[in-house]
Amino acid sequence: MLVTPVSYTLAVGAAEGPTPMNAFDNALLAAGIGNVNLMKVSSILPPGANYVDAFQIPPGSLVPVAYCSVTSGIPGERIAAAVAVGVSRDSFGVIMEYEGKGTREEAEAEVARMLEVAFEQRQMKLDKVRLRGVDFQVKTLGSVVAAAVLWY
Amino acid sequence: MLVTPVSYTLAVGAAEGPTPMNAFDNALLAAGIGNVNLMKVSSILPPGANYVDAFQIPPGSLVPVAYCSVTSGIPGERIAAAVAVGVSRDSFGVIMEYEGKGTREEAEAEVARMLEVAFEQRQMKLDKVRLRGVDFQVKTLGSVVAAAVLWY
Amino acid sequence: MLVTPVSYTLAVGAAEGPTPMNAFDNALLAAGIGNVNLMKVSSILPPGANYVDAFQIPPGSLVPVAYCSVTSGIPGERIAAAVAVGVSRDSFGVIMEYEGKGTREEAEAEVARMLEVAFEQRQMKLDKVRLRGVDFQVKTLGSVVAAAVLWY
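Protein sequences, first through last, are from chains A, B and C.
Under the working numbering, think of the first position of the first sequence as 17, with each following residue one higher.
Under the working numbering, think of the first position of the second sequence as 17, with each following residue one higher.
Under the working numbering, think of the first position of the third sequence as 17, with each following residue one higher.
Source of the hints: derived by calculation from the structure; they are not laboratory data.
It cannot be assumed that every hint is accurate.
[As the list claims (entries may be wrong)] Chain A side only, calculated, beta carbon under 7 Å to chain C, not exhaustive:
hint : residue
1    : Asn38
2    : Ser77
3    : Gly89
Cβ atoms here follow ideal geometry from the backbone N, Cα and C, with glycine treated the same way.
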């Protein structure tokens with residue numbers, strides 16, 4: 017089997033770019049995760065995984081990550097993304113992501129609500145939440161990203 | 017290289033939820049794959065992989081999976097998803113997924129047809145098909161998922 | 017951690033198919049990557065990775081790949097995809113993908129421009145570019161794919 021990650025961090029970023037993919041790439045760079053190979057996963061924190069403030073991951077590494085992103089070419093529009101990790105003591109955790117139009121506060125409130133639902137559904141106690149959000153007012157073409165990065 | 021999976025199962029689920037991501041999460045839980053880190057792959061059964069009825073996979077594991085899903089917020093709408101695995105003796109297999117509006121039977125017929133095309137295209141004989149589908153009539157916000165889970 | 021790939025190739029393909037997923041599957045077969053489990057990553061070439069003309073990858077292997085694809089059911093429409101890998105001596109590289117309507121030349125020009133932006137943003141010197149594109153005029157239902165395949 018593939019080795020299960022043992023630690024995690026949260027990262028958010030926002031940026032402009034001349035093309036949608038460049039805007040997304042720049043948002044990843046702003047989040048500090050632009051130089052690795054993100055492998056999207058859905059969306060569980062392995063039991064006992066440790067939180068760290070930031071990783072130093074070698075460029076090009078294959079990095080499991082739960083993330084969301086939104087890119088907009090509508091000048092003046094505010095876009096937002098948020099990610100939340102909920103932890104249940106002595107068990108695994110759940111990761112939720114939300115992206116859309118609106119403010120950081122709205123995205124954070126939404127993802128917090130989603131996380132509560134996820135724990136209710138699993139009949140697990142939500143002991144601790146870590147949450148990060150970002151918003152950005154588009155000038156020409158902008159992108160936001162919010163990620164829970166899993167690592168070793 | 018990453019270790020190639022050696023076994024597989026099929027899983028389907030359907031559920032309501034208060035947000036699209038929660039509906040999807042609940043459908044994954046209903047399918048029995050809600051507490052792992054699904055890594056989407058396209059879409060080949062490794063040669064010699066064994067079918068098992070269900071896996072006991074540790075929470076948070078990185079799990080290669082070919083899956084499809086559809087989420088709808090249109091009350092009364094029927095949504096469906098199906099996955100089919102075709103096996104050719106002494107060779108690898110092919111996985112096909114289909115999601116859309118309609119019934120389980122329609123989704124299963126469609127994915128079976130897609131699998132036949134995939135084998136014709138490869139000039140391989142289709143010796144055996146395993147297929148699972150699911151449908152769901154949306155109350156408020158519903159999601160269905162059909163998955164071929166690859167494991168070790 | 018997951019083992020970082022050490023080599024790469026570029027692959028493009030185009031094909032018709034009776035369903036969108038079959039058209040995509042046929043395009044992958046035309047590109048020579050239809051019988052493996054593609055794991056989508058974004059989108060960095062590990063430092064020192066070697067270019068090879070083509071891989072012989074065992075069927076069903078888990079293969080990290082940066083790719084783009086577009087499928088169209090509009091007869092007569094021309095669709096295109098391109099992938100570019102930029103290398104900076106003594107450092108990692110960056111992979112960019114572009115898909116859309118239009119010609120191969122347009123897609124290649126666009127992805128080349130995106131790659132330049134990505135290097136400017138990183139304040140890295142773009143020493144060498146490898147680039148492949150493909151286009152296809154849809155008969156009934158067609159698909160194109162362009163991929164940077166990472167391997168070991």
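Verification of the hints:
1. Asn38: holds (5 Å)
2. Ser77: At about 5 Å, which falls below the 7 Å cut-off, the nearest Cβ of chain C leaves the hint on A/Ser77 intact, so it holds.
3. Gly89: violated (14 Å)
When held up to the earlier numbered hints, the structure conflicts with hint 3 and nothing else.
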